[in-house]
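Please take these sequences and the hints and turn them into a complete structure.
From first to last, the protein sequence lines are chains U and A.
Counting from 1, one number per residue, gives the positions in the first sequence under this note's numbering.
Counting from 1001, one number per residue, gives the positions in the second sequence under this note's numbering.
No lab work stands behind these hints: they were computed from the structure.
Some hints could be false.
Here are the simulated distance ranges between beta carbons [what the hints assert, rightly or not]:
{"no.": "1", "chain 1": "A", "residue 1": "T1462", "chain 2": "U", "residue 2": "D176", "range": "52 to 60 Å"}
{"no.": "2", "chain 1": "U", "residue 1": "K80", "chain 2": "A", "residue 2": "E1040", "range": "37 to 45 Å"}
{"no.": "3", "chain 1": "U", "residue 1": "K80", "chain 2": "A", "residue 2": "K1408", "range": "53 to 61 Å"}
Cut-off 27 Å, straight-line C-alpha distance, at most; resulting in silico cross-link-like pairs (DSSO-like, lysine-lysine) [said to hold, decoys possible]:
{"no.": "4", "chain 1": "U", "residue 1": "K185", "chain 2": "A", "residue 2": "K1014"}
{"no.": "5", "chain 1": "A", "residue 1": "K1415", "chain 2": "U", "residue 2": "K223"}
{"no.": "6", "chain 1": "A", "residue 1": "K1359", "chain 2": "U", "residue 2": "K223"}
Quick reminder that beta carbons are idealized off the backbone N, C-alpha and C, glycines included.
Next come the chains, spelled out residue by residue.
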Amino acid sequence: MSWGFFKRSGRKQRHFVKEFLESSKRQIPAMRKIDQLSFVVLDTETTGLDPANDHVLSCGAVKIESQTIRVSSAKEWYLKSSKKGRETVIVHELLGTNPTIELENFGQDFLQYLGQSILVGHHLGFDLAMLQKALAPFGFSTFPNPRIDTMSLAIRLDYGLLVDRSRINLRDYSLDALCERFKIKTDDRHTAGGDAFLTAKLFLKLLKIAEKKGIENWGLLQK
Amino acid sequence: MANVIVNRVAEFLKGFPPFSYLSKEDLELIASNVEINYVEQGEQLFLKGDPAQPHFFIVKEGAIALTENRGGKEEIAEFCDQGDVFGVLALLGKRPYVLNAQASEDSLIYLIPVTVFESILEHNSRVALYFAAGFASGQVVVRQDLSQGQIARKALGNHPRDHSLLIFSDPSIIKISENVLTGSESLSIQEAAKQMSIQEVSSIVIVNDQGFPKGILTDKDLRNRVVAEGVSLNTPVGNLMSSKLIVKKSDASFSDLYLCMIRNRLHHLILTEDGTIHSPVKGIISDHDILLSMGNSPAVLIHALLNTQEVSEMKTIRDRAEQMLRYYLENEVAMDFVASVMTEINDVMISQAKIIAVKKHSKNYSDLQEIKFCFLSLGSEGREEQLLRTDQDNALIYADVPKKLEEKAKEYFLKLGTEIVEILIQCGISPCPGDMMTSNPKWVQPLSVWKEYFSEWILRPTEQALLHASIFFDFRPVAGHFSLSEQLAEHIYLEVHKKQVFLNFLAKNAYLNPAPLGFFKGFIVEKSGEHRDQFDIKSRAMMPLADLARLLTLSHGLVKINNTFKRFEKLAELEPLYSELFIQAGKAYEILMRMRALEGLHHGTNGRYIQPENLGKLQKRLLRNTFSPISELQEIVKIRFQLDYFTK
Chain U
1 MSWGFFKRSG RKQRHFVKEF LESSKRQIPA MRKIDQLSFV VLDTETTGLD PANDHVLSCG
61 AVKIESQTIR VSSAKEWYLK SSKKGRETVI VHELLGTNPT IELENFGQDF LQYLGQSILV
121 GHHLGFDLAM LQKALAPFGF STFPNPRIDT MSLAIRLDYG LLVDRSRINL RDYSLDALCE
181 RFKIKTDDRH TAGGDAFLTA KLFLKLLKIA EKKGIENWGL LQK
Chain A
1001 MANVIVNRVA EFLKGFPPFS YLSKEDLELI ASNVEINYVE QGEQLFLKGD PAQPHFFIVK
1061 EGAIALTENR GGKEEIAEFC DQGDVFGVLA LLGKRPYVLN AQASEDSLIY LIPVTVFESI
1121 LEHNSRVALY FAAGFASGQV VVRQDLSQGQ IARKALGNHP RDHSLLIFSD PSIIKISENV
1181 LTGSESLSIQ EAAKQMSIQE VSSIVIVNDQ GFPKGILTDK DLRNRVVAEG VSLNTPVGNL
1241 MSSKLIVKKS DASFSDLYLC MIRNRLHHLI LTEDGTIHSP VKGIISDHDI LLSMGNSPAV
1301 LIHALLNTQE VSEMKTIRDR AEQMLRYYLE NEVAMDFVAS VMTEINDVMI SQAKIIAVKK
1361 HSKNYSDLQE IKFCFLSLGS EGREEQLLRT DQDNALIYAD VPKKLEEKAK EYFLKLGTEI
1421 VEILIQCGIS PCPGDMMTSN PKWVQPLSVW KEYFSEWILR PTEQALLHAS IFFDFRPVAG
1481 HFSLSEQLAE HIYLEVHKKQ VFLNFLAKNA YLNPAPLGFF KGFIVEKSGE HRDQFDIKSR
1541 AMMPLADLAR LLTLSHGLVK INNTFKRFEK LAELEPLYSE LFIQAGKAYE ILMRMRALEG
1601 LHHGTNGRYI QPENLGKLQK RLLRNTFSPI SELQEIVKIR FQLDYFTK
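Shown next, in the form of structure tokens:
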């Protein structure tokens, strides 16, 4: 066995990462009704849009169970930055006076919070890529949880599953555009918690529309 | 510091009374416990007569109409828009709703939990007064403009009474008719029907010349066996009557009679002088008599369950059963009666779920329809002790199949099991955190595999095996072919008999349960975590008793008695030396069950954690008294199973 093997496969998995991956092996039966599903709606604020060079500043999340937003589960994490110099100044401006948390503590909290929930977000893929990168030092690679992107869901509900995306004006499916269309007031835009909350309200409405179209269980929703 | 989401909710609430009277801390507390629902136009939030939900409502966006059915027409009694609070009856002694609530446009609704709000009512007199004033004027909706309450008062004025809690107000008002219509076997059908019609009764009891019952003929029999079959009206009743009779003694207690009818699904129960068919008929009681005198009764609920295959309706019925349960508990109805009734309701619900599941999946597996299977309830539900809908523990056995069908059978029965579990989840019974359910392939197995499982646990009692034993040994067949479960029980009996040392392991486990009282006779409470400073009534008091009862009955070679009271009852009989102690232990268990269920109903939880400082003096003493049989029994077990010489 060569040491190169270890380098490629990433760093050693921390206990909390292992525990999380172990517990999320269970699959959700396709026939489970939407009412019985647990979702975590999340959003991150980052220094930029490039997962390779930018990093996560804060993360907001709230849970939905029985098609109800549980405000008591609302969370916001502001990460301590390890970066020094000019970047930190900007960071502090953005973070204001919110207490920050060490990356490792965030990782522990966050994974425990997610559990086996279904992850929901607008452009979810980007947020998860950023979070995966942030957690990589602890031996984390990818989220095993099932996911739903509210943008794709909104498009699917308008055009069906077999849509040709190149023919759609994606600007109509930005979070702002959808909130306007569904009459959701956009306060606190561009804080992680605020955006997660907006996305959660949007998701509740989308779920109702989905149900009307006969998408009533997990098997149909995850398509 | 509160986060953005909580702040946003608090900011909205602050604009409307009574929230505008709250301090910043209280407002934040309320806001952080709000739940948010989105309802579409036309969707119902609650119906008149529904039990109060554990929260009241405030409209965030949209509009809700409160309506009432008057003379077959739906009329709007109140209209709520942004900032209006409604459904506040939930705050008032949990009365059922008096109006229907329906979204008249797409709306966002904030749900405010009553339990959180109650604590604020206690220390904020201004808010308390605000509500008191509203209630005194009979308001349904709390608004900024109090004069609106006048309209509400009118809406309420005509309906002061609430019938939903009339369950069992007074058993003595149930009429047992002593004038029973009787006739001989040779009576013609037509003559029998004529007599019934003259006397305006729904049944005739057929007796011999000494007045002993031989059979019964009811309205339903006349319809099904006579008219539908086109039988001649001259046929003697003896040929058509139901002769399989279940009878009871005429002075049996009401709950005994009633349970007998529920269990056997009888519409009529005949009472005789000595409770056998070899004595004269003394009276008859019909379900109709009972229905008339009750509102929300077990018979009504079971009947309703048997007549529906709509899952949403099943859930509503089960919710109603909870309301009935609360009434029983608060009125100190005997625990074995309460537990039997609730078990029966749960069992019927499971049987219906099974029927729905088979209907849905059988068409794709027509070659497997002859294969017997049996659905088992485990744990507290298996012991017939589940009052609240805590969580599911269940398993499925199917008959061994030929090799070529193995894979297909596995697939089919797992589908059935998963469907049943999902239906029960929708009925409000949450899934088992340990995944001991029929949606887990491990617990859906042919009989031979189940036998291997148990043999393995008995042969190699590891920690895991003992944990399984505490749940699986309390299995009880609920739906399907009970013969499979009996074969399994027989197998377990033989295995335990062969490997007596297994009992020592089980004993060790029962002995190791944490003690309920500390050195200074204070309750031992949880030291950390979510339930800090609370008393875990399940693992510190109930489980030790259930474990001890299971162990001791197993050691007597009894495998078919599942229920903890019945186990102690049987033990008292088998060991006269300790009979007093066993009787006490059974009583203790009853008290604990009642306390836990009341706690759970009160807080909308599973009742497992109790705050000792919230208990009254009497309740504290009662609870403490239940502990003495635990330690005495543990001592007996320690000596009997020589635990001092026995190490793992």
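We went through each hint and held it up to the structure:
1. T1462(A) - D176(U): 52 to 60 Å: Since T1462(A) and D176(U) have Cβ atoms about 58 Å apart, the given range 52 to 60 Å holds.
2. K80(U) - E1040(A): 37 to 45 Å: holds (43 Å)
3. K80(U) - K1408(A): 53 to 61 Å: About 56 Å separates the Cβ atoms of K80(U) and K1408(A), which means 53 to 61 Å holds.
4. K185(U) - K1014(A): Given pair K185(U), K1014(A) holds - Cα atoms ~18 Å apart, limit 27 Å.
5. K1415(A) - K223(U): Roughly 20 Å separates the two Cα atoms, so the pair holds.
6. K1359(A) - K223(U): Since the Cα atoms of K1359(A) and K223(U) sit roughly 26 Å apart, the hinted pair holds (cutoff 27 Å).
When held up to the earlier numbered hints, the structure conflicts with none and fits them all.
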